[in-house]
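Chains as they are written, first to last, in the numbering used here: chain A, 569 to 712; chain B, 51 to 210.
Treat the hints as calculated values from the structure; they're not laboratory data.
All figures in this text were calculated on a predicted structure; none of them were measured in a lab.
A portion of the hints provided could be inaccurate.
Derived lysine-lysine pairs resembling DSS-like cross-links, with alpha carbons at most 25 Å apart [to be verified]:
#1 B:Lys-114 to A:Lys-681
#2 A:Lys-629 to A:Lys-593
#3 A:Lys-597 to B:Lys-141
#4 A:Lys-597 to B:Lys-164
#5 B:Lys-114 to A:Lys-593
#6 B:Lys-71 to A:Lys-597
#7 A:Lys-593 to A:Lys-647
#8 B:Lys-71 to A:Lys-681
#9 B:Lys-114 to B:Lys-178
#10 A:Lys-572 to A:Lys-597
#11 B:Lys-164 to A:Lys-671
#12 B:Lys-119 to A:Lys-593
#13 A:Lys-669 to A:Lys-681
#14 A:Lys-669 to B:Lys-119
#15 A:Lys-593 to A:Lys-677
#16 B:Lys-119 to A:Lys-597
#17 A:Lys-593 to B:Lys-71
#18 A:Lys-671 to B:Lys-71
#19 A:Lys-669 to B:Lys-164
#20 B:Lys-114 to A:Lys-597
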Amino acid sequence: MITKMTITNIHVLNQDSAYDFYVNKLGFKVVDDIPMGPDSRWLTVSPPGQPDLQIVLFPVKVSKMFPKETAETLISLIKQGVFGCGVLTCSDIYATYEELKAKGVEFIKPPTKEFYGTEAFFKDDSGNYFSLQPINNFSHENSI
Amino acid sequence: MGTKQLPHIAQSPAQAEEYPKVYLYRRIVQAKLYIDANYAEEIDLDNISDEAYFSKFHFIRLFKSIYGKTPHQYLQATRIDAAQQLLRQNKSVAEACFSVGFQSLTSFSGLFKKLTGETPSAFLLRHKSVREQIRATPLSFIPGCYAHRLGLHENSNFEE
Numbered sequence: 569m570i571t572k573m574t575i576t577n578i579h580v581l582n583q584d585s586a587y588d589f590y591v592n593k594l595g596f597k598v599v600d601d602i603p604m605g606p607d608s609r610w611l612t613v614s615p616p617g618q619p620d621l622q623i624v625l626f627p628v629k630v631s632k633m634f635p636k637e638t639a640e641t642l643i644s645l646i647k648q649g650v651f652g653c654g655v656l657t658c659s660d661i662y663a664t665y666e667e668l669k670a671k672g673v674e675f676i677k678p679p680t681k682e683f684y685g686t687e688a689f690f691k692d693d694s695g696n697y698f699s700l701q702p703i704n705n706f707s708h709e710n711s712i
Numbered sequence: 051m052g053t054k055q056l057p058h059i060a061q062s063p064a065q066a067e068e069y070p071k072v073y074l075y076r077r078i079v080q081a082k083l084y085i086d087a088n089y090a091e092e093i094d095l096d097n098i099s100d101e102a103y104f105s106k107f108h109f110i111r112l113f114k115s116i117y118g119k120t121p122h123q124y125l126q127a128t129r130i131d132a133a134q135q136l137l138r139q140n141k142s143v144a145e146a147c148f149s150v151g152f153q154s155l156t157s158f159s160g161l162f163k164k165l166t167g168e169t170p171s172a173f174l175l176r177h178k179s180v181r182e183q184i185r186a187t188p189l190s191f192i193p194g195c196y197a198h199r200l201g202l203h204e205n206s207n208f209e210e
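Just chain B, with the same shape it has in the complex (with noise of 0.2 Å):
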């Protein structure tokens, strides 16, 4: 994590006992937006306890009581779901990879298809198709009566 901080969340003292453990709160919920902008880079989950003054087993217990998922989990996911969003404009399977923070498209191919239930080549192909789709006939991507509404099926462009 070298010396970038976590990102600082507002308190003033008025706010401090709002509801109980709120700086625990507080605390891993840097933690979390530390992960959401920094998982394309190399993330040391060991700094991010210490930056959040928790023993790594405190952090992590409390991380996942509140998210569902350890630390390391959430970074995975997060990668994933980013890796998801480049896939779906087209990026290469190699790029949304080395993108997101992995050093390995072995693993991110085996993670992506342990997290999805399809490979990442499978993904950017099914999309690709639904871009085509979308492309040739927009309308049939919305429900009639919105783009009856919309006074789409007025406009000659939009139709077949």
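So that you can see chain A by itself, here it is in the shape it has in the complex (with noise of 0.2 Å):
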């Protein structure tokens, strides 16, 4: 029986500025940084009131598991804001909002009502993109 997800893991152009994104910006707690040879390291944070998942910061770049067309693919897709990587939830959305927006985080959505609840979007420093939702969002008590 499956029980929970572990590791999971979001494909980034740079591994430096990717740090600098998930951990100075949104506040994601490092895991594992372990140096794995010159061009290797092992990177992966976790969203603050998760310490049980880790997201593995996956360095997209030409190698034995990128062939060169596999990887200027992948770069290119990622930029063009192709991968949705999931929604991530806050307990107040418009501080959330205003404190990534003032950390220079490019918001491709303000905070708008929707049927389900607030939602808004923002992008990483490379180019994916993650929907953010207060978490009352997804209290169900008035769902069957």
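Dock chain to chain to rebuild the complex, using the hints, since each chain is given by itself in its own frame.
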């Protein structure tokens, strides 16, 4: 029986820049930052309220795993903003929006009231996008 | 807080009414960012509420409703968080304590234990041991599927 997700990954273009974005801007906690030779670094972070989920900030570069053509295609798609990486929840969406904006995070859409609740969208430093929603969007007290 | 000003969040007139009470949010967020940037200094929270143009009690109530902690609790938690970072980098307990704005080792250690469940010295020792394990067997910290995809198993420098 599967019980939970423990590790997942986000493909990033540059690990140093991703570190700055996820740790210094979003406030994620570093779990592992282990040098693995000249060009490799094992970098994982967790959302502040979810220490048991590790997100690998996985660099896309030409390697055994990503042949040149694959790496170029993937980099191009990430830059175009094709990949959504999930929904991040916060206690107060307006305060979180103001804080992230003040830190230079690029919002695709400001907090907007939808039929299911309030939602905003922002991009990471590579081009991946996230939905930002307040935690009370997910309390289904009134649903069947 | 002296003559320091709160960080200014730019706002144009067109943005001013994006959502209700936007001006309140901006002032509270400015105060939070001020604490984030200056936790290591001697911060007078009364001055922060003055700078944010609130009465002290209104400010504390709004801050707590947004962040789940009073400004004082948030400042203390931010300091302990920063101390944990320093201890992870193998700084001494005393250095961590005084670098993040505490004046007394006793109150630092007590609060550290209250918030994290272990003493600063136990935390320091535990992370020292983890660092040694990482140095000795780095691949044991990386799930095999990722190490394989990264080709790390082929590099004998990182094998035991």
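Does the alpha-carbon distance linking A:Lys-597 and B:Lys-164 stay inside the 25 Å limit?
-> Distance ~20 Å between A:Lys-597 and B:Lys-164 Cα, so the pair holds.
Within 25 Å, alpha carbon to alpha carbon, are B:Lys-71 and A:Lys-681?
-> holds, 15 Å
Restraint check for B:Lys-114 with A:Lys-593, where alpha carbons must lie at most 25 Å apart = holds, 21 Å
Between A:Lys-593 and B:Lys-71, is the straight-line Cα distance small enough, at 25 Å or below?
-> Holds, at about 24 Å.
Below or equal to 25 Å on CA atoms is what counts here, so check A:Lys-593 against A:Lys-677.
-> Judged against 25 Å, a Cα distance of about 18 Å means the pair holds.
Holds or violated: A:Lys-671 to B:Lys-71, with C-alpha atoms at most 25 Å apart | With Cα atoms ~21 Å apart, A:Lys-671 and B:Lys-71 stay inside 25 Å; holds.
Quick one, are A:Lys-593 and A:Lys-647 close enough, alpha carbons at most 25 Å?
-> holds, 19 Å
Is the hinted pair A:Lys-572 and A:Lys-597 satisfied, with a Cα-Cα distance of at most 25 Å?
-> Since the Cα atoms of A:Lys-572 and A:Lys-597 sit roughly 20 Å apart, the hinted pair holds (cutoff 25 Å).
Distance restraint between A:Lys-629 and A:Lys-593, which requires alpha-carbon spacing of 25 Å or less = Holds, at about 24 Å.
Is the hinted pair A:Lys-669 and A:Lys-681 satisfied, with a Cα-Cα distance of at most 25 Å?
-> Holds, because 19 Å separates the two Cα atoms, which is no more than 25 Å.
Assess, step by step, whether the Cα of A:Lys-597 is no farther than 25 Å from the Cα of B:Lys-141, and give holds or violated.
-> Within the cut-off at roughly 19 Å; holds.
Under the criterion that the straight-line Cα-Cα distance not exceed 25 Å, is the pair B:Lys-119, A:Lys-593 satisfied?
-> holds, 20 Å
Going down the numbered hints, you'll see the structure goes against 6, 9, 11, 19, while the others check out.
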